[in-house]
Amino acid sequence: MPDFFCTVGFGLDYFAVKELQVLPLTTLQQTLVGKVFFHKEGSLDSLLVLKTVERLFVKVVHVEVEPNIQDSLLEDWLTCKLSHTSKFFSDCLLTWKEIANINSDCAVKFRINSRLSGGFRKASNFQCVSSLVGSVFMQHLDSCVIDVRDPDLEIFLHLNDSFLTVGLQVTKKPLSHRSYLNHILVRSTVCVAMCMAVDLSSKDVILDPMCGAATILVEAIKQFNCKAAVGVDCDPLQLKLAQDNLSTSLAFRHVDLICGDSSSIIFKDQWFDVVLCDVPFGRKFGEFKEIQRLLTSIVKSVDIVLKPGGRVGILISENGNQGELSLIEIVESFNKLDGRRTPEPSSSASVAIALDEEKNRRQECEKVIQQLYAEISELKQENAVAKAGIQRKDSLLMQAQQQWKTLKIDWEQRLELVKDEKDRLSTTVTRLEGQLQISIAEARKSCAELQTVTRQKDEMLHNLQEENSRLKEKYEQSQSQLRQIMVEFDDNKKELKRNEMKMDELKRDNHKLKGQIEDLKREKNKLMAELELLQQQFESSQEQNEAYCRARIQEATQSAEEEANRRLQIWQHEVDSKMSHLITTLEQQLGILKAKSLAEAEAKEARHQEEVQKLKQEIKHHKKEHQDLTRKMRELAEAQWNTINRITSSGTRQAASSFVSSEISDATLPVSNGQDEFLHFHSKRHGPKDPNEPSSRRKK
Amino acid sequence: MKLLTHNILTSKCLKGVTVGYPLGIVAKEVKVNEVDFNPEFISRMIQKVDWPALCKAAENLGHTDELPQTVVDDYENNEEFLKKAHHFLMEIEVMNGDLICPETGRKFPVTDGIPNMLANEDEV
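Protein sequence lines, in the order shown, are assigned to chains A and B.
Numbers 95 to 794, taken from our numbering, label the letters of the first sequence in order.
Numbers 72 to 195, taken from our numbering, label the letters of the second sequence in order.
Isolated chain A, as found in the complex (with noise of 0.2 Å):
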C-alpha cells in the first residue's frame, strides 16, 4: 500500500495529526508546514471523512532537494528522482483508483498541477517542471488523456527549497469542501479544528455570541452531532446568512439565531455548557482600544453564560501584531475575572464552583498551551528549513571557491588559446569581406531584376484590372440573365401552381368516375344475379313443363288404346252378327227349299250346292277381310306405340298418336325479368311428325 499526505491550512496540521492519531492502522510519518506525511493499512474509506485537511494525496515521491543544486542543473536532478520513483507509479494510479472508486479500466482524464517556491521560483523553471513531469508520467499513463479543465485525476507537484513531492489528488474537490454550507465565513476546518480544541461532545449545548454565518455552529451540529446550539448576531444581513446555512445544511432544527448584542446578557446564568466564537479581528474593529474593549466584554458576558466546567474556544488573530490582543491578554483577561469574581458572594460561589472554574480555566491554558506547542513545533520546522538552508548557502560558498580557482586557470589556457583565434579569425574577415564586394555587386545586378520584375508586375496588374473589369460586366450581365430566370421561374411556378390545381381538378374527377364506375359495378352485379335467378326460375318452368307434357302423353296414349281396343271389338262383334245372321238366313233358306221340294232339292242340290260354295267363298273373303283388318288395325297400333316410344326416349316436350289429334293444354308459366314483366309459355303439338318443335312463345 502507497504512502498518503494531506495538505493542511496554516496552523492546524496539530488537529490534522491528532484526527489521524486516532484512525486505526495508520502511522505517521512526517509533519511538515502544510503537510502531513502517514501510511495507512487497511480500509481507505475513514481518510475521506477527514475533517480538518484541505486535500488527501496518494503520496509518489517526496525527498529532499539536494542543497547544491543549480538552476542549470535542476531539470537533470528531476528527471533522475522522477524517473528513479516513477516505477512505483503505477502502484499509486492503482491506491488512487481504488480510493477515488474509479473503475480500473477506464480512461482517466489528468492534469499537472505544479507549485514551485522558494529559490525555484521563475517562470522558466516552472515551464521546465511542467513539461518534465508530463513526460515522465506519461510513460505510465497508457490509459490517460489531458484534460486541463475537467480531470479526474490531479498530479500534484510541490518543489520548495527542502523538498520536491508529487501526489495523486484523491478527491476532485477538497476534503474541507462541504456541500451543505453556502456561506463560508470562517473555514470548515477552522471551525472543526475550534469544536477539537474544546474537546467538544454531542451532549454539548452550544453558543457562538457572534456567529455570523453560524458556519461553526453547523460544523459543531454536522460533524460532532451536537443537538443544541444558539448563535447571535448583530447583523440582520449576517443572520440571513446564517439561516441560509441552516436551512441548507438542515441544521435549524438544532440551531437557534437570535439578533443581539454579544456584549449583553440576555440569556440565564450558567446555562452553556460550551461557548465558539471567531472574534472578528481585524475587519470591522481594527482599532486596538475596540478590540480590547470588545474582547474585555465578550470575556466577561461568556463567563456570565457558560456553566461551571465549561470550555471557551475563542479564535483569534495567529500574532499579536497590528495592536491585536494575543492569546496570553486573553487567557490573563479570564483570570482578571476569575481573581475578581471569586471574592464576590452575590455570584452564589462556593467551592465547588470555584474549583470548577479554576478547572475550566486550566482547560483554557491547556488549550492554549497546546496551540502554543503546536506554534513552537511550526517554528522549529521552520527553523529546521532555515538551518538546511544556510548549511547549503555555505557548502555552496566552498564550492564555488574551488570553482573559482580552477576557472582562474582555465581562463589564462583560454585567453592564449582566444589570441591564436583571433588572428585566424582575421585571416578569415579579409576573405569574408572580399566575399561582400562580390556579393554587392551581386545584390546590384539583382536591384536591376527587382526593377524589371516591378515593372512586369505592374503590367500585369493593369492587366488583371482590365480583367477585372471585364469579369465584373459579365458578372453584372450573368446578373440580369439571373434576375430573368427568377422571373421565368416564378411564372414557372405560378403555372406549376395552376397545373397542380388542374391536376387537383382532374384528380377529383377521375375520383367522382371512379364513384360512378363501381355504382354501375354494382349494378351489374345486382343484373347478373337477377339474370341468374330467371334462368333457375326458366329451368324450374322447364321441368315442370317436361313433367306435364309427359303425363298429358301417357294419358292420350293410354285412352288411345282404349279406344283403339273397344272399336276393334265393336268391330268383331258387328262381323260376328252379320255372319251369324248370314248363316241362319241360308240355313232357313235351305230348310224351306228342302221342304218345297225334295226334287226340287234334288235338282236344286245341285244349284244350292253350288250356291253354297259360292257363298263358302264369300265367307272366306269375309274372313279374309276380317283378317286384314285386324292385321292392319295390329299395324296400326304398333306405329303409333312406335311413335309414342320415339318421342319419349328423344325427350321432347310433346307427343301424339298418330290418330289422336290432341291439343296438350296451354303451360303457363309465371316469367319475369328485370322489369317485372312476365312471359307466357305456350306450345301445340300437331301431328307426330314435328314433335321437337315448339309451337309458338307470345306474351299474355
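Please note that a few of the clues may not be correct.
[To be verified] Short, incomplete list of chain A residues facing chain B, as computed with Cβ under 8 Å:
id, residue
1, LYS321
2, ALA322
3, ILE359
4, PHE361
[What the hints assert, rightly or not] Here are some chain B residues pointing at chain A (derived, C-beta under 8 Å):
id, residue
5, MET72
6, LYS86
7, THR89
8, VAL90
9, ASN109
10, SER114
11, ILE117
12, TRP122
13, CYS126
14, LYS127
15, PRO186
16, ASN187
17, LEU189
18, ALA190
[Claimed, not checked] Far from chain A, by Cβ distances over 10 Å, these chain B residues were calculated:
id, residue
19, LYS83
20, TYR92
21, GLU111
22, GLU130
23, GLY133
24, HIS134
25, ASP136
26, GLN140
27, VAL142
28, TYR146
29, LYS154
30, ARG177
31, GLY184
Treat the hints as calculated values from the structure; they're not laboratory data.
Each residue gets a CB set at the ideal place from its N, CA and C atoms; glycine is no exception.
Assemble the complex: chain A is given as a structure, and chain B must be docked to it using the hints.
Relative to the frame of chain A, chain B by itself:
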C-alpha cells in the same frame, strides 16, 4: 425560536430589570418542525430547563394543560413524557410574534423565527 431557547432568554440587559424571566410570548405564527427524538439529550435538558417557565410558554401558545405542571418522577424511563417534552422544547417554533419583558412590558419582536433582543442605548 424554539421553546428551549425561550427557556434561557432573559431581559435583564434592560436598565432596571433584575430578573427579567420568563419572557411572555404573544405568537402570531407558530411552526412545528419534525426533529429526531433523542431521549438522553431530552432527559439532560429536562434537568437544566426551568419547567414552570416551559409550561407557561406552552400556555401562551394555547397548549393549556398539555404539559404536567411539574416534572414527573422517573422521567428518564417515561417515554411518553420525554416525547412530549421533546415536542415542546425542540419541535414547536415561534416564527412571528413578540416576547414580553415581565417587569417592564417591553416587547422584543420575533421575525422569521429570530427574536430581536437588541436594546436601545437609553434602555441599557
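How about SER114(B): closest beta carbon in chain A under 8 Å, or not? 11 Å, violated
Holds or violated: the hint that VAL90(B) contacts chain A, with Cβ atoms closer than 8 Å. Nearest chain A Cβ about 10 Å off; hint violated.
For the hint on ILE117(B), does the least C-beta distance to chain A fall short of 8 Å? 13 Å, violated
Checking hints one by one. Is LYS321(A) an interface residue toward chain B, by the C-beta closer than 8 Å rule? Hint on LYS321(A): holds, closest Cβ of chain B at ~4 Å, below 8 Å.
Just checking, LYS83(B) versus chain A, shortest CB gap more than 10 Å? 6 Å, violated
Hint PHE361(A) vs chain B: min CB-CB distance below 8 Å? It holds, given that the least Cβ distance between PHE361(A) and chain B is near 5 Å, below 8 Å.
Hint validation: LEU189(B) versus chain A, beta carbon distance must be below 8 Å. Holds or violated? Holds, because the Cβ-Cβ distance from LEU189(B) to chain A comes to roughly 6 Å (cut-off 8 Å).
Regarding the assertion that ARG177(B) does not contact chain A, is the least Cβ-Cβ distance greater than 10 Å? 13 Å, holds
Take the shortest C-beta to C-beta distance between LYS86(B) and chain A; is it under 8 Å? 11 Å, violated
Is the interface hint satisfied for TRP122(B)? The criterion is a beta-carbon contact with chain A at less than 8 Å. This interface hint is violated because 14 Å lies over the 8 Å limit.
Grab the minimum C-beta distance from ASN109(B) to chain A and call the hint holds if it beats 8 Å, violated otherwise. 6 Å, holds
Can we confirm that no CB of chain A comes within 10 Å of the CB of LYS154(B)? 15 Å, holds
Hints 6, 7, 8, 10, 11, 12, 13, 14, 19, 20, 21, 31 from the list above are not met by this structure, while the remaining hints are.
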